[in-house]
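Fit chain Y to the known structure of chain L by using the hints.
Sequences listed follow chains L and Y, in order.
According to this note's numbering, the first sequence holds residues 1 to 315 in order.
According to this note's numbering, the second sequence holds residues 1 to 389 in order.
Heads up, some of the hints might be wrong.
What the hints assert, rightly or not - Cβ-Cβ distance ranges computed for the label pairs, FRET-style:
| no. | chain 1 | residue 1 | chain 2 | residue 2 | range |
| --- | --- | --- | --- | --- | --- |
| 1 | L | 187 | Y | 17 | 37 to 43 Å |
| 2 | L | 14 | Y | 17 | 39 to 45 Å |
| 3 | Y | 369 | L | 65 | 56 to 62 Å |
| 4 | L | 76 | Y | 331 | 49 to 55 Å |
| 5 | L | 221 | Y | 306 | 57 to 63 Å |
| 6 | Y | 335 | L | 120 | 56 to 62 Å |
| 7 | L | 14 | Y | 330 | 55 to 61 Å |
| 8 | Y | 382 | L | 171 | 41 to 47 Å |
| 9 | Y | 369 | L | 120 | 44 to 50 Å |
| 10 | Y | 17 | L | 76 | 29 to 35 Å |
Keep in mind that the hints were calculated from the coordinates and are not lab data.
Don't be surprised by glycine CBs; every beta carbon is placed ideally from N, CA and C.
Each chain, letter by letter, is given below.
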Amino acid sequence: MTIRANVLECRDLKKSFGDNEAVKGVGFRIAEGETYGLLGPNGAGKTTTISMVTGLLERDDGEVTVDGQPLTTASVDAKRAIGLVPQDLAIYPDLTAKENLTFFGRLYDMPSGDLKARVAEVLEIIGLTDRADDRTEEFSGGMKRRLNIGLGLLHKPRLLLLDEPTVGVDPQSRNAILESVELLSGEGMAVLYTTHYMEEAERLCDRVGIIDLGEIKAEGTRRELVQMVGQHDRIRLQATGPCEAGVEALAALAVVKEAGVRDGGIEMLVDDADQSLAQILGKVSGAGVTVTSVDVDEPNLESVFLHLTGRALRD
Amino acid sequence: MKAFTIAGTNLRRWLRDRSNVFWAFIFPILLILVLGSAFGGSSDPRLGIHNEGDGPLAADLVVLLEEQPGMQVIQFESREDLVATVERGELEAGLLIPVDYDATLRQGAMTSVELVARSAEEAQAISSNVQSALTQQSVVLRAAFFVESEEVGSFAEGLETAETASMNVADVTVVVSSAGEPVGFFQLGRFDASAQQQMLLFVFLTSLTASAALIQTRRLGVARRMMSTPTPVRTILVGEGMGRFAVALLQGLFIMVGTLVFFNVNWGDPVGAAAILIVFSLVGSGAAMLMGSLFENDQQAAGLGVLLGMGLAALGGCMVPLIIFEFFAPTLFQVAHITPHAWGLEAFDVLVIENGTLVDTLPFLAILLGFAGVFYLLAIWRLRRVLTR
Chain L
1 MTIRANVLEC RDLKKSFGDN EAVKGVGFRI AEGETYGLLG PNGAGKTTTI SMVTGLLERD
61 DGEVTVDGQP LTTASVDAKR AIGLVPQDLA IYPDLTAKEN LTFFGRLYDM PSGDLKARVA
121 EVLEIIGLTD RADDRTEEFS GGMKRRLNIG LGLLHKPRLL LLDEPTVGVD PQSRNAILES
181 VELLSGEGMA VLYTTHYMEE AERLCDRVGI IDLGEIKAEG TRRELVQMVG QHDRIRLQAT
241 GPCEAGVEAL AALAVVKEAG VRDGGIEMLV DDADQSLAQI LGKVSGAGVT VTSVDVDEPN
301 LESVFLHLTG RALRD
Chain Y
1 MKAFTIAGTN LRRWLRDRSN VFWAFIFPIL LILVLGSAFG GSSDPRLGIH NEGDGPLAAD
61 LVVLLEEQPG MQVIQFESRE DLVATVERGE LEAGLLIPVD YDATLRQGAM TSVELVARSA
121 EEAQAISSNV QSALTQQSVV LRAAFFVESE EVGSFAEGLE TAETASMNVA DVTVVVSSAG
181 EPVGFFQLGR FDASAQQQML LFVFLTSLTA SAALIQTRRL GVARRMMSTP TPVRTILVGE
241 GMGRFAVALL QGLFIMVGTL VFFNVNWGDP VGAAAILIVF SLVGSGAAML MGSLFENDQQ
301 AAGLGVLLGM GLAALGGCMV PLIIFEFFAP TLFQVAHITP HAWGLEAFDV LVIENGTLVD
361 TLPFLAILLG FAGVFYLLAI WRLRRVLTR
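One chain only, chain L, in its complex shape:
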């Protein structure tokens, strides 16, 4: 097993705006090559957390370490390791894509020669090479989003923070963005990805922190989260033959928590459908049941969120 170094560690982050406690002791860590998702509804404290992690917002309490260096709003060196993709399109509309990239590249102290080559490379990555010299105000929403991400990648950061990067994006651009994130993570970049889209968190994130009302309610891999809240996978078998006998046979398996005959087939709750499906099919076949189709429903993060907070993710 490879032990990967932590690129980001944050502990006990707190921030209040007047009487409103926006973030109440949030902490997590992200290793290199890992994508960590902060999943929560609007107003959960995701953007406030990411603003403290990037040193944009003064925190009331807590610590942030990036690549081993403590980070505050006044930090300079620690910020070299960070690439931010903010929720809002933080680009100059009256500059071209190339001018926007060059401007921010200079703020990252990139030498002129390297910068020119890197700008061309990033334009290629985000698919805007042929629009490099057009003003961004002429771009579609998806193109602006892609440039917004390109600006975060420009200096090859160790830690990339994406704050809801797909909000308001068409499905095609959204897919392109998600593919880019998967690629970057595969190249060893640590990624912090905030979203209120459950599907994105499930697709991209190695680990997910469920955040609500300024607190991380639970954290782990999808499987760990599902198990943590006692959720089970649901398997439906369309079958012919003695289904009752099949149910009785399944009672002998520890992974099967509950089983019954429904709508001419067998339905059951199990701990881990992927691991136990072969065993289950063997048992029901042994009982004389002929299985014609199998449906597996794994509990998703939406149901985990509902279980943890008592409300749906988009409420």
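Just chain Y now, kept in the frame of chain L:
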């Protein structure tokens, strides 16, 4: 270095908007031209001449008029053109020399020239110059008649001798001096006052309206993105301030050089004038930074910027000269000095009217630096708060 990158980007964005180029560079020059032409101080009055006569005496009169000090002479081919030009106010007066001018004078008879003006007041300054030229010519003519009547020679010989003799007679000049304090405004050239006033007005006004760009930078999230880079907050603020300063300085410099080249405006000691421009640009950019830190809506800021820019300029003497306030509304004159414009105009008065130098303007520059300092400190305090809390 990063501050220069931020400032350069600001300047590039501002120049990229063509409406900015019109309002900041072309419009002020046009306004100075219009205001200077309509209300400008002293400059050489213009006399149009249409000479219908074809003799040497009529030609001599034109030459004498052209030699008159403090007056420009423009010749016209037709009477109608001359009269129409006077009617349009493009000339202070027009002089019509009749076709029989030479013949009548040669006969020793009385003739007359016609002076056309829109009003007696406008003709007054020119009429004395015309009278002077006619008197000079009549002295020579009398001498020529004397030569002819005494049978010393012909009229032509007498005329030539008298003209030669008159050249050897030294002129008596009248030296005019002012009693009491000089009344500055009236000593300025036609475009001088309006150029100074409009330069200060537009530098401040453009700065205030350019504050909208700073609000956009904040509103678009670019300022926050800049803060996520390894760039200290103070560098970002200095860069933004330098961007506004560059806009103000560029505009002021354009107005100064443009009016100097096109209208021969007297800006006084160049070093002193440059110092006033630099310090006033700091004031304008400081005010822009403060506006940019206080407002969340760029359109709101631009609208208020126009109101504030025009209001402070009016109060500070950029629309009605401060000297008018001083004579007719002393309280208003005192109140005017709550604006940086009044101090800027007084600094220019020191350079232009009193022929002062940079050293003489230092007290005014110190006060203007005070304005700039207060604006910048408040803006930096406010921007730090809004960007990091």
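Hint check results:
1. For residue 187(L) and residue 17(Y), the hinted distance range of 37 to 43 Å is satisfied, since their beta carbons lie about 40 Å from each other.
2. At roughly 43 Å, the beta-carbon separation of residue 14(L) and residue 17(Y) lies within the given 39 to 45 Å, and the hint holds.
3. Evaluation of the 56 to 62 Å hint for residue 369(Y) and residue 65(L) yields a failure: the beta carbon distance comes to about 44 Å.
4. As the Cβ distance of residue 76(L) to residue 331(Y) is approximately 53 Å, the hint placing it in 49 to 55 Å holds.
5. For residue 221(L) and residue 306(Y), the hinted distance range of 57 to 63 Å is satisfied, since their beta carbons lie about 58 Å from each other.
6. Here the CB-CB span from residue 335(Y) to residue 120(L) is close to 59 Å, well matched to the stated 56 to 62 Å.
7. For residue 14(L) and residue 330(Y), the Cβ-Cβ distance of about 60 Å falls inside the hinted range of 55 to 61 Å, so the restraint holds.
8. At roughly 42 Å, the beta carbons of residue 382(Y) and residue 171(L) sit within the given window of 41 to 47 Å.
9. A hinted range of 44 to 50 Å holds for the C-beta pair residue 369(Y) and residue 120(L), which are about 46 Å apart.
10. Checked against the hint of 29 to 35 Å, the C-beta distance between residue 17(Y) and residue 76(L) comes to roughly 33 Å, which is consistent with it.
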